[in-house]
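If you read the protein sequences in the order shown, they are chains U and G. Each number in our numbering corresponds to the 1-based position in the first sequence with 237 added. Each number in our numbering corresponds to the 1-based position in the second sequence with 23 added.
The set of hints was computed from the structure by calculation and includes no laboratory data. Take every hint as true, because none was put in to throw you off.
Now the in silico label distances, taken between C-beta atoms and shown as ranges:
1) U:R297 - G:K75: 37 to 45 Å
2) G:I158 - U:F294: 40 to 48 Å
3) G:G146 - U:P259: 19 to 27 Å
The C-beta atom is built at its ideal place from N, Cα and C for all residues, glycine as well.
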Amino acid sequence: MKRDLEERLKTSLEPLMQTTPPWRHIDARSTRRYRWQPVIAVVSAIAVAATVAAIVFAGRLVREPSGSGTSRPPASGVIGKVVLSGGPPPGTQLQGQRVVLTISAAGHTVVSKEVASSRIVKVPISPGTYQISALDGSANCSASSVQVKAGAFTSFEVICSIR
Amino acid sequence: MDLETTFELAITEYGPALYGLALAITGGVADAEDAYQAALEQAWQRWGSLRKSTSARPWLAKICARTAIRSRRRRLHWITRHVDVEHASNLGSLIHWDPDLGRALDQLTTRQRAVISLHYGQGYSLDEVGGLLGISGGTVRSHLNRALDHLRKELMDETRP
Numbered sequence: 238m239k240r241d242l243e244e245r246l247k248t249s250l251e252p253l254m255q256t257t258p259p260w261r262h263i264d265a266r267s268t269r270r271y272r273w274q275p276v277i278a279v280v281s282a283i284a285v286a287a288t289v290a291a292i293v294f295a296g297r298l299v300r301e302p303s304g305s306g307t308s309r310p311p312a313s314g315v316i317g318k319v320v321l322s323g324g325p326p327p328g329t330q331l332q333g334q335r336v337v338l339t340i341s342a343a344g345h346t347v348v349s350k351e352v353a354s355s356r357i358v359k360v361p362i363s364p365g366t367y368q369i370s371a372l373d374g375s376a377n378c379s380a381s382s383v384q385v386k387a388g389a390f391t392s393f394e395v396i397c398s399i400r
Numbered sequence: 024m025d026l027e028t029t030f031e032l033a034i035t036e037y038g039p040a041l042y043g044l045a046l047a048i049t050g051g052v053a054d055a056e057d058a059y060q061a062a063l064e065q066a067w068q069r070w071g072s073l074r075k076s077t078s079a080r081p082w083l084a085k086i087c088a089r090t091a092i093r094s095r096r097r098r099l100h101w102i103t104r105h106v107d108v109e110h111a112s113n114l115g116s117l118i119h120w121d122p123d124l125g126r127a128l129d130q131l132t133t134r135q136r137a138v139i140s141l142h143y144g145q146g147y148s149l150d151e152v153g154g155l156l157g158i159s160g161g162t163v164r165s166h167l168n169r170a171l172d173h174l175r176k177e178l179m180d181e182t183r184p
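In isolation and in its complexed conformation, chain G is listed as follows (with noise of 0.2 Å):
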């Protein structure tokens, strides 16, 4: 099979977790198509670069996780400039069918919201969403721990009355 044939398949099999990661870390439809559409650019430019022995779908999430908090970062540092904060995300209403955690999640910082999406919604370990997002297991505990100290506080504020 071409390069353009593997690639196609590849992003067939995993465009849709990836486009959900973006989601899931900037927060926004127009900023997950943004990140979305310039993970694929950079994907397919060293797609021949791929070696066989390497997963592709590790290698994308990477791309794509990478490419999202650029991109959320650089509407963060737009937005405090010019709108209002409040604004930034809505994961709120992306995940409908649980906007508590939504606007929770909306609270956590860019680099967080990574680590949850590719711990619990793609099932990485944490060692490996360190090498993904290339930075040490450690650090990727410590994000998870603060992350989830925040989201229970926020919840437990959220369920009293």
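Bound conformation, chain U alone (with noise of 0.2 Å):
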């Protein structure tokens, strides 16, 4: 039975699938998709590629954060504190006064940033030795100097004395 089934259907489909299409099957080819093909692969293929270049860029991007964008921030640097502190007695300590933090290096001024007092600050910069000094228009700040060492960040303090 299951037999006689398949050989109907062989026998039934087989002229089925030699059906002349009504139509030449060149229709196919002569729709615009295919007068523009070239001209599709090209466009598709320059979005492809401004799309990689896009991702690699931004890939770049998140792993080197710094400002230049091709060399990355140095993993070292210098870590601590201004304090500003004294006064008339009993004295006291200002916490969270805006003080200007410069460090030079050989008399020139790597960096200055306003930094509010008592607060630990994190400033990146190349190896080499420098004077990390604060400024205050109502306190006396120390100069101190550190030596910053490739691969790590030395710690600070400037204690500032309030006049």
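Starting from the two chains in their separate frames, assemble the complex, guided by the hints.
Okay, structure coming up:
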């Protein structure tokens, strides 16, 4: 019975598979898509290349978030705080007051940034010897010398005595 | 030979089989024409990527079968919403040399018809059919067995007094 049915299916379907299509098959190639196929291929290739380049560029930016975009930030620098203390007896310690932290080397200012007193700040800089001090109109700040080594953050503390 | 010539030769050789496949799967001339046309467009767009070692016949059959299945499903979706399902397929008149079998084939699911058409109509093995339709050989056998059971039952009913 199964074989009969299979034979019947073959016998009936095979003629159907020899049906001539009612139009010339060339129709498929005369469509707009076909005519513009080379252009579409080129534009697609350019789009793919641009996307890949954008992804690669974005990946580099993520890995290298420094401003230059081409060099990695130094994995070295200084970490510490500026302390504002003193004043008339019994004295006090001011926290959160804005002071200007300056880091210089060989007489040239390398970094100058406003920081809050008694707050830890971390400044990445290249290895070398630096002078760290702070500027505040109402206090005398000591300068300290630090040696920054590659691959490490050197600690510092700048004491400013309130007049 | 350039791409156009090889494509033209391939379609000249396999076009009737592809159109017949579309007819058997969709069960209607209009749907088969649409599916065949869409399949040729797709085939032409990818013709350049067909490797020389790959035979064009199963490659084209794969595109055509899948396009016809999609077309048939879209049509069924539309038909069940707007008109009587009885008119969804008309293999009974397309296979006018065996209308009983055609009507029984009309009752099968799209996938079952695709399996039957590729296996019995085009002579692909069941594993090859699985490759063409993107399903496993086991699933193909399952579709085939269910389809044969259904056909047997339908055809026996028709021969009863």
